[in-house]
Amino acid sequence: MLSIGSHPAWHPLFETLAYAAGYAVFRFNRDRQGDVVAEPQRWTVMAAAAVGALLGSRVLGLAEQWPTVVAAWNSRHILALLLSPGGKTIAGGLLGGWIGVEAMKKLTGIQRRTGDLFALPLCVGIAVGRIGCFIAGIADDTYGKPTSLPWAVDLGDGIGRHPVQIYEILFLLLLAILVSKRAARREGTQFRIFLASYLSWRLFIDFFKPQPLIHGLNLIQWSCLAGILFLALDWLRGRATNEQTAG
Amino acid sequence: MNRPLVDRIPFAKIVTVLAIIFGIALGLCGLNGVLMAIIKSNEEFGAPLLVTTGIVEIGGMLLSGVCLVLTVIAWVILSAVGSFSRSGAEPQKLFDEESNTGSKDEL
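Top line first, the protein sequences correspond to chains A and B. Anchor point for the first sequence: position 121 equals 121 in my numbering, and the numbering is continuous, going up by one each time. My numbering runs 1000 ahead of the 1-based position in the second sequence.
Check each hint, because a few of them may be wrong.
[To be verified] Listed below are several chain B residues computed to face chain A (Cβ distance under 7 angstroms; list not exhaustive):
1) Ala-1012
2) Val-1015
3) Ile-1021
4) Gly-1023
5) Ile-1024
6) Gly-1082
[As the list claims (entries may be wrong)] Lysine to any residue pairs mimicking SDA-like chemistry, simulated, CA-CA at most 25 angstroms apart:
7) A:Lys-105 / B:Gly-1060
8) A:Lys-106 / B:Val-1017
9) A:Lys-106 / A:Ala-226
Hints are computed from structural coordinates only; laboratory data are not their basis. All C-beta atoms, glycine included, are put in the ideal place defined by N, C-alpha and C.
Starting from the given sequences, assemble the full structure and let the hints guide the process.
In structure tokens:
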């Protein structure tokens, strides 16, 4: 068993690095393949994504720990809980950001699919952020279930656990290769491949995390399932529209 | 002619940066947990340090959070005002083509 320990002070550093790395890859990507919208529109989309992601990650992060929220509500400490550390989740951030962008596009009349440029930066950013989650150890809410496998890690409580953060980094590396291939795809496909893959991955990997369950799945998994279903419906709708146009 | 205020202030960039700062500040509170552990082992050194970082963290969160909310409100209001003034910003036509020609003929 590999001993890592718990070092939560590194988490904010890697979170900051994740944003910086994601933005650097975004700039590189945009310079390389161009943009489908003008710069002011791109910033409007990014603002909507940032605010949506912030709200989504916090809301789902807190909802995921619903027993704690209920206890805080009953003891009238809900404000303290809202200002407390942690309680943010990437799945909520992605779904919130996606909803935010779609709402902003409706408001401002942007018709083009704007997500493709975000696919690779999100892979890189999440992977860098997960290094911080791994080093933070048991203090972060992203650790895995106990296991006796040879690659189990001790994250500060003396128990061998699945290194789920490392599994995710490896998955994201593969996903990054997939989405960075410059195949001729319809606009928006790159982002949809990324989102569907990541949500499916979370649906799977969260079975290896000790979280409170509702009907067999935790809240993040239910949210991922809802996101996947919505993506499937959107894909079917897009296909039907294409067939009508072609016909 | 002057551009509307909403076009001159980069609201989208400001909102993006503030949202990211708020997100990071929210995560920074994790440092308190570590410093709490330091306090347990070194009471004299740890307590003032915890208070200082706590103030920085909460300050960062509140400042970026309040600025974020105010910026979004200002953006929404100025966008509404901007679109309203744009709709009435067409140059007013005082004379139609015929009356202009007519006035030339009179001269």
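Verification of the hints:
1. Ala-1012: holds, 4 angstroms
2. Val-1015: holds, 4 angstroms
3. Ile-1021: The hint is violated - Ile-1021 (chain B) has no Cβ within 7 angstroms of chain A, the shortest such distance being about 10 angstroms.
4. Gly-1023: Where the cut-off is 7 angstroms and the nearest Cβ of chain A is about 5 angstroms from Gly-1023 (chain B), the hint holds.
5. Ile-1024: holds, 6 angstroms
6. Gly-1082: Given a least distance of 12 angstroms, the restraint on Gly-1082 (chain B) is violated.
7. A:Lys-105 / B:Gly-1060: violated, 30 angstroms
8. A:Lys-106 / B:Val-1017: Between Lys-106 (chain A) and Val-1017 (chain B) the Cα gap is close to 23 angstroms, so the pair holds against 25 angstroms.
9. A:Lys-106 / A:Ala-226: holds, 21 angstroms
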